[in-house]
Structure formats: structure tokens, C-alpha cells
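Engineer: Sequence:
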Amino acid sequence: MYDEVNSKVDVVGLGVSTLDMFTVVDAFPRTREVQKASRMVLDGGGPVATAMVTLAKLGANTIMIDNLGDDWSGLLIAEDFKKYNVQTHCLEIFPEHSSSIANILVEKDTGIRAILYRPGSVPEIRDITKYTPIIQGAKVLHLNGRHLDASLAAIDIAKHAGVKISFDGGANRYNPSMRRIVPKVDICILAKEFALTYTDETKVDRAGESLLKSGLKLVVITDGINGSWVFDNDIGIFHQPAFKMDNVVDTTGCGDSYHGGFLYGLLHNMPLKKCAEFASAVAALNTQTLGGRKGLPSLKTVEMFLRGH
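Sequential numbering of the sequence shown, starting at 95, is according to my numbering.
Because the hints were derived from the structure by calculation, they are not lab data. Just so you know, not all the hints are guaranteed correct.
[Unchecked claim] Only pairs whose alpha carbons sit at most 25 Å apart, straight line, appear in this in silico BS3-like list of lysine-lysine:
id, residue 1, residue 2
1, K394, K233
2, K233, K177
3, K233, K253
4, K367, K233
5, K278, K297
6, K177, K102
7, K368, K258
8, K368, K233
9, K202, K338
10, K367, K258
11, K307, K367
12, K233, K278
[What the hints assert, rightly or not] Taking CB as the label site, the calculated pair distances span:
id, residue 1, residue 2, range
13, N269, V135, 25 to 33 Å
14, Q382, K253, 37 to 45 Å
15, G309, S271, 17 to 25 Å
These numbers come from a predicted model, not from an experiment. We put the beta carbon where it would ideally sit given N, CA and C, even for glycine.
Turn these sequences into a full structure, and let the hints steer you where they fit.
Structural biologist: Encoded structure:
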């Protein structure tokens, strides 16, 4: 079965997929406060998973490797992937187990979030080698360190096959085990907080330079509305401003969609400055709708947006 999709995959994602419930509130509730929510929606989530959906929405062929429970949330997670044409051959379903769920509170006027997260009971991926044909046939392996042992094994498979490895270092997601992954990757996109903690630096430029000196070839550091910085051994350092959007509804998934947009640019041989601009446009457009995925733009929408900016 895995050989059948081998040649069709641009990017393989390896991580934890979630079901997200978004609740829009006037302000985050205080102790014992009862508050009426203005909106509630369900959407698929997870950093790597949303990057795969972003790429698929733009037209790339993607597949997600993960373990899900057979509960209602697991079924909805799988169906959401299918809706966006992300291949689901590598989602293993575990009977009598639960999948991961997040409850995301979103302030109505600012789009600022607070997240409550309940991990699923499904086990870590134990044997990544059964997905070897999928990984070997891809152009990029994208991961964020979840399923750690499987991720390290997948990196070895990818390296031996000449597959590029992309890493998502999200905000508040640093832990020491990430030091086993970061030195092995080709494309390293980190949130500012992760980059500063990893390098023990206090400034973005020093963090990026430190990562390049450690042996990495391409580093991107993102910082929300402050934009992103790209560090490359060949072209040096540049800053990509974030696009300013009116009426921001929700910032969930912006970093994940940036990753997807940047990888799309690399897949299509865009210059790095164009990759960063394209990724920033994807992330900006994703702020206009409640949910981490419901606002993801098509390629045509991104191109039209960039022509106007």
C-alpha cells in the first residue's frame, strides 16, 4: 500500500494531530465567571498537521504519519485531513484509545489565544520503518519532535535517501530533547522564543548566527506581527515584515501555515526572499477566519494578495 503513494508525495509530516474547539469570548474568564461565548467552531489542529493541510490547500501532495484513537475526535481528525486532500494512509487507528483535543479561547477584539490541551491516550509511534517507502519517496520530511524516537529514525531514513528535513520549533515547545534533532535538519524554522532558549541568546540576530555557526544551512526565526528573519550561509540575513491585516479574527495556526507556505516556496524553487514573502502572506490570510485551518488560502488567493501588496 505504501509503495502505491510513494512517488506522489511532496512532503511527509510526522507529528501529533489534534481536534481543536475554538471559543470566542469578549475577555478571558476570571475565577467562577460565567460568560456567553459569541462563537464556537471545531477544526483540525497540530503544528505539523496544519502545515500539511496548508501545503495541500496550495496544491502540494502531502501525507501525515500519526497515531489516532478510534474515538469521535480521532474520526473527525482523519476526516478533516481527507477534506483537504492530505493522504491518510499512514494514520494508524488504535481501538479504545482517545485522540488529542485542545480547547482554544480566542479574545474577540484582539485574536489573542489561551489554550487548554488534553493529550490523547494513543501510544507513540513504535515502528517508523514500515513507512520507509513513503519517506524515501518524498521531497521533504517535516516534523517538530513529537514521537521523538520515531522522528530520529525517520530522519536517518530521509538522510540516506537524500530527502530534505524540515523542523518546526514552536513557541513554548523547546525541551532539551530537541537538541538531538535540530543539528540534523536542513530547514530549521523556529519561533523566536524557541530560538533564544535553544541558543541561550537574547537577540534574534545573534540566535540565528549561532545556529548557522553550529552547522545549520538555513534558519528562519518567526516572531508574529514582528515578521520573520531568514539566515542563510549564501545570501546572508534578511528580515521579512509581517503583512498588517485589518480585523484579525484568530491567530491560531499562523506559524504552522507560515511553515507550509515556506516549504511550498522551496518546493517550487522560489528564491528565499520570495519564500519568506509567500509564507508571510499565507499566515496573514489565515488570520481572517476563526480556526487554524478554515482560513487557509488557495494558491490563487495568495497570488492575488501579493499582487495587491
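Engineer: Next step is simple, just say for each hint if it's right about the structure.
Structural biologist: A quick look at each hint next to the structure:
With a CA separation close to 23 Å, the supplied pair K394 and K233 stays within the 25 Å bound. Distance check on the hinted pair: K233 and K177 sit about 23 Å apart at the alpha-carbon level, within 25 Å; holds. With a C-alpha separation of about 11 Å, the suggested pairing of K233 with K253 holds against the 25 Å cut-off. A distance of roughly 21 Å separates the Cα atoms of K367 and K233; the hinted pair therefore holds under the 25 Å criterion.
For the given pair, K278 sits about 24 Å from K297 by alpha-carbon distance, which is consistent with the 25 Å threshold. The straight-line distance between the Cα atoms of K177 and K102 is roughly 18 Å, inside the 25 Å bound, and the hint therefore holds. For a cut-off of 25 Å, the pair hint linking K368 to K258 stands: about 19 Å separates their Cα positions. A threshold of 25 Å between alpha carbons decides the hint, and for K368 with K233 the separation of about 20 Å falls inside it, so the pair holds.
The hinted pair formed by K202 and K338 meets the criterion: a straight-line CA distance of about 18 Å does not exceed 25 Å. Pair hint K367 plus K258 holds up; C-alpha atoms about 19 Å apart against a cutoff of 25 Å. For the proposed pair K307 and K367, the alpha carbon gap of about 21 Å is at most 25 Å, so the pair holds. Proposed proximity of K233 and K278 is supported: the alpha carbons are some 16 Å apart, at most 25 Å.
Checked against the hint of 25 to 33 Å, the pair N269 and V135 passes, with Cβ atoms roughly 31 Å apart. Checking the proposed 37 to 45 Å range against Q382 and K253 shows it holds: the Cβ atoms sit about 39 Å from each other. A beta carbon spacing of about 19 Å between G309 and S271 agrees with the range 17 to 25 Å that was offered as a hint.
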